Amino acid sequence: MTVIAIAVLAAVTYAIRLAGPLLRERVHLSDTVKRLLNTSATTLLLALVATATVTEGQSFAGWARPAGVLVGAVLSWRRAPFAVAVLAAAATAALLRLAGVA
Amino acid sequence: MRSIYRTLEQGLVRDVAALATAVGFVGASFGAIAVADGNPLWVPVAMSLLVFAGGAQFMAIGVVAAGGGVIAAVVGAVLLNLRMLPFGLAVGPAVGNCWWQRVLGSHVITDESTAFAMARSGDPVRSRQAFWLSGGTLFVVWNICVALGGVASGFIGDTDAFGIDAAFPAGLLALILPSLKDRDARRAAVCGVAIAVATAPFLPPGIPVLLGLAGVGAAVIPVPRKKVARP
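Residue numbers (the working numbering), protein chains in the order written: chain S, 1 to 102; chain X, 1 to 231.
For the record, the hints were derived by calculation from the structure and aren't laboratory data.
Please read all numbers here as calculations on a predicted model, not as lab measurements.
Heads up, some of the hints might be wrong.
What the hints assert, rightly or not - Here are some chain S residues pointing at chain X (derived, C-beta under 7 Å): (1) R24; (2) N38; (3) A99.
Built from N, CA and C at the ideal position, the CB exists for glycine as well.
Throw the hints in and build the complete structure from the sequences for me.
What follows is the structure, given as structure tokens:
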């Protein structure tokens with residue numbers, strides 16, 4: 001990476017980030033639109049969780065990672081503390097890999 | 001302001017600390033990989049301070065290392081970061097109302113800080129606390145660990161062996177579970193997941209998640225209800 005490439009990437013990324021809060025202030029939003037914005041963020045995050053769980057680039061991530069995320073998901077759903085769910089997800093994936101599961 | 005920080009919830013501090021630990025490991029591995037690929041130490045350090053987006057940083061370094069060129073690296077990383085625009089729209093109120101809060105806060109809009117803020121979106125004060133504590137902590141931890149990883153490059157092995165790659169989706173999922181109690185949000189998110197996963201094998205990373213946004217349409221279209229027969 002060159003200085004210019006890093007500077008361009010940093011500037012564009014910052015502009016993308018700043019645009020949200022600035023637009024949000026300029027435009028008056030109805031309650032319905034506010035709700036839709038929250039729904040959009042939730043939808044994007046869950047889509048991100050799903051692709052980060054099952055894919056690596058354009059191919060399948062292997063079984064260890066989704067298995068770990070599933071264990072974490074069940075624990076969170078059963079109201080386990082956040083740290084417990086995250087640690088259990090990592091431990092499950094690590095142990096499966098140790099046992100030879102990709 | 002001071003009264004806000006005096007009443008920080010213990011649970012929030014603990015959850016942020018847990019995620020920050022995982023972020024630290026990933027940051028160290030980013031620093032190590034970037035330096036191992038032949039970049040001088042300032043490259044991962046400057047990227048982490050100025051770009052501050054883990055996925056985009058890994059992608060940019062990876063594309064260049066694979067011989068894809070600098071332009072492809074920047075374009076790919078920007079596509080990956082486009083999701084932060086809708087994130088900013090959603091968490092705008094949590095970022096703050098005066099100019100310095102927007103200038104500083106916008107830089108720490110990430111998947112994690114958005115999820116922390118959204119998990120408390122019913123309460124503006126707690127949502128703002130969650131956004132700033134998670135965003136600020138992750139920025140500091142990420143940058144320190146990237147630098148340490150870069151210096152210790154060669155000593156750091158594959159973090160996948162510790163299952164760190166599973167910790168992230170699990171952490172984000174735990175944060176968005178409360179938002180999924182809403183029926184419309186749940187329908188939209190499930191449709192978004194279906195679209196993103198179905199298109200992921202065919203499209204460059206970043207695009208499938210953006211396409212998943214079309215799932216919001218499922219929350220807008222009303223569900224047909226059975227008509228009650230009138231006598």
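Let me make sure I understand: some of the numbered hints might not hold for this structure. Which ones are they, in numerical order? Violated hint: only 3; rest satisfied.
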